[in-house]
Structure formats: C-alpha cells, structure tokens
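Visitor: Next come the chains, spelled out residue by residue.
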Amino acid sequence: MLNQLTADVREMLEEQVTYRELLVQMTKRDLMLRYKQTIMGFGWAVFMPLMNTVIFSVIFVRVAPLDTGMPYPLFSYTGLMAWNLFASSLRFAVNSLTANTNLVTKVYFPREIFPFSAVVVSFVDFAVSSVILVGMMIYWRVAPGPAILFLPVVLAVHLMFTLGVSLLLAMGNLFFRDIKYVFEVVLMLWMFASSVLSPVSMVGGRLAVILQFNPMTSVIDAYRSVILLNQLPPAGPFALASALAALTLGMGWVWFHRTEFRFAESV
Amino acid sequence: MGRPAVTFDHVSKKFRLGERYDSIRDLVPSLARRAMGGKPTLRKAEDFWAVKDVSFAVEPGQALGIIGPNGAGKSTTLKLLTRILKPTHGHCEVVGRVGALIEIAAGFHPDLTGRENIYLQGAIMGMRRVEITRHLDEIIEFAGVREFIDTQVKRYSSGMNARLGFAIAAHLEPDVLIIDEVLSVGDMSFQERCIRRMERFKRDGVAIVFVSHNLQAVGSLCDQALFIQGAPRYLGTAQDAIRSYIEFSASTEQIERNGKVTVVGAELRDAFGAPASIVSPGDELTLRTRITVREPIDDVTFGFMLYRSTDQLIVYEGNVLDRVIGFSGLNQTEAVVEFTFRANLTRGQYHVECYALHNPTHEYLSRLVPAALFTVTEEVTCRGVADLQLTAALAAPLGAGARAGLQAASIAAKG
Chain H
4 MLNQLTADVR
14 EMLEEQVTYR
24 ELLVQMTKRD
34 LMLRYKQTIM
44 GFGWAVFMPL
54 MNTVIFSVIF
64 VRVAPLDTGM
74 PYPLFSYTGL
84 MAWNLFASSL
94 RFAVNSLTAN
104 TNLVTKVYFP
114 REIFPFSAVV
124 VSFVDFAVSS
134 VILVGMMIYW
144 RVAPGPAILF
154 LPVVLAVHLM
164 FTLGVSLLLA
174 MGNLFFRDIK
184 YVFEVVLMLW
194 MFASSVLSPV
204 SMVGGRLAVI
214 LQFNPMTSVI
224 DAYRSVILLN
234 QLPPAGPFAL
244 ASALAALTLG
254 MGWVWFHRTE
264 FRFAESV
Chain P
102 MGRPAVTFDH
112 VSKKFRLGER
122 YDSIRDLVPS
132 LARRAMGGKP
142 TLRKAEDFWA
152 VKDVSFAVEP
162 GQALGIIGPN
172 GAGKSTTLKL
182 LTRILKPTHG
192 HCEVVGRVGA
202 LIEIAAGFHP
212 DLTGRENIYL
222 QGAIMGMRRV
232 EITRHLDEII
242 EFAGVREFID
252 TQVKRYSSGM
262 NARLGFAIAA
272 HLEPDVLIID
282 EVLSVGDMSF
292 QERCIRRMER
302 FKRDGVAIVF
312 VSHNLQAVGS
322 LCDQALFIQG
332 APRYLGTAQD
342 AIRSYIEFSA
352 STEQIERNGK
362 VTVVGAELRD
372 AFGAPASIVS
382 PGDELTLRTR
392 ITVREPIDDV
402 TFGFMLYRST
412 DQLIVYEGNV
422 LDRVIGFSGL
432 NQTEAVVEFT
442 FRANLTRGQY
452 HVECYALHNP
462 THEYLSRLVP
472 AALFTVTEEV
482 TCRGVADLQL
492 TAALAAPLGA
502 GARAGLQAAS
512 IAAKG
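These protein sequence lines are chains H and P, in that order. At position 111 of the first sequence (counting the first as 1) the number is 114 in my numbering, and the numbers step up by one without a gap. At position 270 of the second sequence (counting the first as 1) the number is 371 in my numbering, and the numbers step up by one without a gap.
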C-alpha cells in the first residue's frame, strides 16, 4: 500500500515536471481568454473586492459599527482578497474538466493541469488586487513589520488548501454535475464562516468550536496578523489549518490521480 | 531488431453501454435502496467490447496501418495507445516521445490567434517553448496560414484549422507518431504534403501508427496493417490486410434490377483458364459474365467497369458495343459474355463491376458489384495506376560537357 502510494506520488510529481510548460501555456490561455474583449482587463480583478469593501464598509462602519481593531476597510479588503483567491479558483476549477471535454477525451496529459491552472489564474488576480491593499495601507499609515516575513508560509498554506479543494471539486463535478450547483450555496455559507467580513471570534459558543476547524478562518486571520498587525498567527490554530491544508491537497491529489484514467470515459 | 517502439499485448477494452448515475439525484435513491437490502436500480448496463484481444508491435522506422469499418475500435485502439483510456485487460506500451493526433485541432481554442494556439497546442503535445519558437516559421509555412497567423482561429476555415494542427504535429520531432484520419481534411496538395512528411518521419526512424479509411494511403505508407472489427481480423503486410478488408466488406450485390435481364455472376480467369485472384502486371485475363434474359429485350449492352478498390478510382470501362457485337431480340436465354483484357496495372487491389445497359435510354438493367476481385502484385513498385510498359533511351546526343558529367555520374554511381 505504502509502496503504491510512493510510486503514485513520484509519478504525479514527475508528470508535473514534464508538463511544466503546459501549465504555463494553459494559464496563459485562461488569462488571455478571461479578459479578452473586455475594456477593463485586469481592472476587474481589483473592481470586485473593492466594490464589496465599499459596500460592507458602509454597513459595518455607519449602520452597525463593528470593532475589528483596525480600520474596517483594511480588515474587509484583506479578507475579501484572500477569500476571492479561494472562491474564484474553485469557480474556475469546478468546470475546468467538463468545459474541456475535447481535450480530456482527445489528448493525454496530466489532468491536474486544469484545476491547477484555475488556481494560478486566480492567483494572478490576487497579485493584481494586492496593489490596492498597499495603497490602502499607505492611506491608513499601516506599515508592515518583521512578521511580514511569515507571509510566504501563510500563502503556501492558503494555496495548498485551495489546490486540494479545486482538485476534489473538478473531479466531483465530472462524475456528478450537481456539484456545481450545490457548491455555490456552500461557498456563500463558507464565506460567512471564514471571518472575511467579521471576525469569527464574535460568533462564540458551540458553533465557534466547529468553526475553528475551518482552515480558511485561520488563513485569513493569519494574513491580517502578518500584514497589518505585525504579529505571528496563533501557533495552535495555524498549525491545525496547515495540517488540514496539507492533508486536503495530498488526499485530493492522490485520489484525483488514481481516478484520472476514468475521466475520458465518464466526462 | 531492437525493442519495439510500440507494443500492444493482448489488449481488450470494455465499455458499459447505457448511462449510469450521472447526478446525485439518481445515485442517492439507488444507494438508499441498496442499503435497505434491495437491488440497485442501475439501468441494465450492457458490456461492449470495443477492442478485443488485439496485439501488435511497431519497430522504429516502421508504419502500421489500422483499417476497418466504422465502429470497429480503431480510434479506441489509438486512445489506448495514448493513455487516454486504460485497457480492461492486456498491456500496452509506447517508448519515447509520442506525437498524437487523435483529433487534429483538439487543443485549439477558437478565441486565440493562430500564433497563440501554436504555443498552446505545442505544449499540449509536450513541446518546449524554445522548440516551438525555433520551428515557428516552418510551422506557419507548412500550414500556409502566414497572413492569418495573428487572426483568431474561430475565423479560420476548417481546412486551415486542420492544416495548422498537422503542421504543429509535423514539427514535433516525436519517436512515435499516432495519427487518426488526418487525410480526410485538407485539399489534395495538403494531403500529398502530409503523406510526404510521414514518409520522411519513417526514414528518420519514427514509428507510426496510422488509422485511415484512405486505403491507398495505408497501402503506400505502411509496412504492415491491422484489419480489426472489435477483434483483430488480419495482421500482416499492408497489401494483404487491405485485401482481407476489401474481401470482407465486398458483399456482392445487385444494385439495379428490373427483372428482364440479370447479370447473375462473373468469374475471372487467367490465360490458362484457371481462376485468377493474384496476377502480375501485363497478365491476360478473361472475365466471363453470365446473364439471364427473361423477357424479350432489344438493343442491350453488356459491359464492365474496373475499379481500384482502395479509392474507387475507375480504371477502365469496356462494353460489347465497342467491339460491335449486337444484342437484339434476346429472350429466355442464358448468355455468357467474355471480355479478354490485359492487366496493365500497377500493384494494388482491384475489382470489377458487370452491368447490362439499355442502350436507347442509358438505363442500367442490372449491375453486379463487385463481380470479381483481384490483386496485382509486382516486385518493383511503380507509382500510379496504369502500367505503361515504359522503355527509356537517350534519343539525342548531348553536348560534350553534359556527356562528361553523365559519365562522371555513372562512375560515381558504380563506385
């Protein structure tokens, strides 16, 4: 069993090395297509989280003031940016196999490329939208401290979890098309359970115990800690989130890889 | 012989006919029923063996053609080779870099330009970016789309699409080339270019697996061919496999019949009166056509058409009118008409059709297709259809310089 697993993992990684340029080309294709025939282009990557930030700032600053320990727009923009990377990766990934039936049934290459490129495309949007965050930090005079050095770790955990869930969704939707409908509802609930717009710590009670197993909460809180508060994320919850993210990616990828040969017949 | 580049070892592939659960709506009740101890509500799934116990091997520098009727498992075989599908039983292996063209422009995205698509499709086939850049000009040139290279592919004609697809594959430098029916698209000059390119691949030591309905192309390109219909029917030299396929699919039939006159049968005999099925160029053949006349009929012509079976090319049409034999006032008889001709043909598969024609109206009274099949074999392959029995001679003296050059050339050739 363990031998089989090692062999699979080696094959999975080798394939990614062999086809590394395909991932680049696929991502390029998706990026070009995404903003082709639009006037705003990458402006859209910034526009959506910015709009949401404005709306929720009005609500949580004027209507129902909320104490988040920092200017609310900074709080919500950071949350929305991180959440968007996750959500838009999944939105892309869920259809990535079924939208490319032609390729899945006609050409061989590791099918992981499809969900992976969905994540990379969303990551480019994420990078673009971070420019606004820098602008906002200058406006509110929030300077990052040494804790910012921990940012790559937070990002890595975030990406691992996103990749894992993307693989599972892409595969699930290939076999059961219900997934893409169910997933929109789940995603909305998940957002409110992830301290995107308000701190989950405010929920309290038994629900809060369950919610702390949500890796997205820890990840989003960790972004705020290392960028805005110059603090390392709390070790316990962040370690748990990292473990869950690694597990999701590992299991998701192996499962995906072992099911891959049935894709062409089932799509 | 080294290790084969392509090995297909007793491979079978089973598909399940009918849909299984495609959404959770179907799955959940079925699982629930199973949990309650009932029978699962799978719609009765029937198994279908698309490919059954097929084996072959292709050495580097060789080409294998796969032929057979529609739905015979040809494309499934290629998908098994390219790892798109996994065999149910058996084992298949491809050594080295594979260039696969299952559908010529599968990776193209309509909204991207030709140039962007070259990079994308190239990467899908496993080419490095620098490699594509190095071959970019050649690819564009080969496809003949230079003016349109920065136009979106959705504005391309289907021929341009196909040409660009093949052009990319043609510059892949693969070890193994797997091709499904590329010659059905593109105009004649492009098809010719594809064939020549594949011949060059072969000379360069690439192993080719080639699926096509173009038997002429299979015959000229492939060393061996496999005729399959689910199960393998024949594996051997390309000519033999093609012959086996043609014989299999040629169920003799009457195309027109009005009952008055019927061509009931025909046979082909050689100069010694023995049945002829394999002949050499220039052999004398006799086609004996048996005809039944039931009602009185005037002014009728009997004739035959000779086709090259691999592409339905009409090689020759002959009838008795040409030889000034009148047929009038026939009634209630059995007649035998004999045509004698020389098979001045090049290597290939041929068949004859015999017919009876009402002269004034030019209406067929009876057609028998194919009335007979035969194969022309020869040692030296001539290109073309007809054996023109060529002789060549130096008719006019050349200038002294040219002659000296000619001598030098012949000495060099001897040396």
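Rather than coming from a laboratory, the hints here were simulated on the basis of the structure. Warning: the hint list may mix true and false statements.
Which stretches of chain H does chain P cover? Using the computed rule of at least three CB atoms under 8 Å from a CB of chain P, they are [as the list claims (entries may be wrong)]:
1) 110–124
2) 139–153
3) 201–209
Sample of chain H residues facing chain P (criterion: CB under 7 Å; computed from the structure) [to be verified]:
4) Arg37
5) Ile42
6) Met43
What follows is a set of in silico ranges between Cβ atoms, one per label pair, in the way DEER data are often shown [as the list claims (entries may be wrong)]:
7) P:Glu354 with H:Leu16: 57 to 63 Å
8) H:Leu232 with P:Lys115: 35 to 41 Å
9) H:Asp11 with P:Arg198: 39 to 45 Å
10) H:Val270 with P:Leu237: 28 to 34 Å
Just so you know, even glycine gets a beta-carbon here, dropped at the ideal spot from N, CA and C.
Visitor: Looking at the structure, which of the earlier hints fail to hold?
Guide: 2, 3, 4, 5, 6, 8, 9
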